[in-house]
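Asker: The whole structure should be built from the sequences, with the hints applied where relevant.
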Amino acid sequence: GEDVEQSLFLSVREGDSSVINCTYTDSSSTYLYWYKQEPGAGLQLLTYIFSNMDMKQDQRLTVLLNKKDKHLSLRIADTQTGDSAIYFCAVTPSTGGFKTIFGAGTRLFVKA
Amino acid sequence: DSGVTQTPKHLITATGQRVTLRCSPRSGDLSVYWYQQSLDQGLQFLIQYYNGEERAKGNILERFSAQQFPDLHSELNLSSLELGDSALYFCASSTRQGDEQYFGPGTRLTVT
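Same order as they appear, the protein sequences are chains X and F. With the numbering used here, letter number 81 in the first sequence gets 706, and the count goes up by one each step, no holes. With the numbering used here, letter number 31 in the second sequence gets 81, and the count goes up by one each step, no holes.
Be aware that a few hints might be false.
[To be verified] To give an idea of the interface, some chain X residues facing chain F are shown, with a C-beta separation under 10 Å as derived from the structure:
id, residue
1, Tyr673
2, Ala710
3, Phe713
4, Ile726
5, Leu733
It is worth saying that the hints were derived from the structure and are not from the lab. Fair warning: this is a prediction, and the values are worked out from it, not measured in the lab. For each residue, glycine too, the CB sits at the ideal point set by N, CA and C.
Answerer: In structure tokens:
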């Protein structure tokens, strides 16, 4: 079945760019998402990209999709302390029903 | 605020008991998804309903069941509870199937 992998931790300085990476196994994945979870809260949809796109930019967020390598990344420009959270990559394969598979999450620490 | 509501926010119960978690999707959304988030298992997809019908099943135990009602709200029933069932349970909704999901704030279940 589909597998989604992310590194567990990332630490950056305030004002720097953060890049969170994700790899997935199912090349038929149609929707690819990034979610943010702050302590004690639910998951907040940050952005998503369709599999027929290579890049999507939304204010400080840039999503890059490399379908050949099955690699998805989220770049946060000018990272702020408020960006400290867990970031989940998720994919919805086009086969096997509509199960969205989530990665384990990357915990982003932003140092002032 | 995602527009998805979940009740109760917290639930403490004993082993062997049965509980019901409730979810109201965003207005207009036809799909409801249930997830379990625990420290050791990450975010696990449990089950998905679309317009009242079960459409996808994940790692849902036989002791757990769910349904979606005609008004589109959903309930997740957990029975014969075990200590290992302690987790955050999230509901999410989407307009169709497989498109972007919006998460509720979650129900924290503690089994003692």
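Asker: Run every hint past the structure and note whether it holds.
Answerer: Structure-based check of all given hints:
Checking tyrosine 673 of chain X against chain F by beta carbon gives a least distance of about 5 Å; that is within 10 Å, so the hint holds. Residue-level restraint check for alanine 710 of chain X is violated (minimum Cβ-Cβ distance to chain F is 14 Å; threshold 10 Å). Because the smallest distance between the Cβ of phenylalanine 713 of chain X and any Cβ of chain F comes to about 7 Å, under 10 Å, the interface hint for this residue holds. The restraint placing isoleucine 726 of chain X at the interface with chain F holds, with a minimum CB-CB distance near 7 Å, inside the 10 Å limit.
Because the beta carbon of leucine 733 of chain X sits about 16 Å from the nearest beta carbon in chain F, more than 10 Å, this interface hint is broken.
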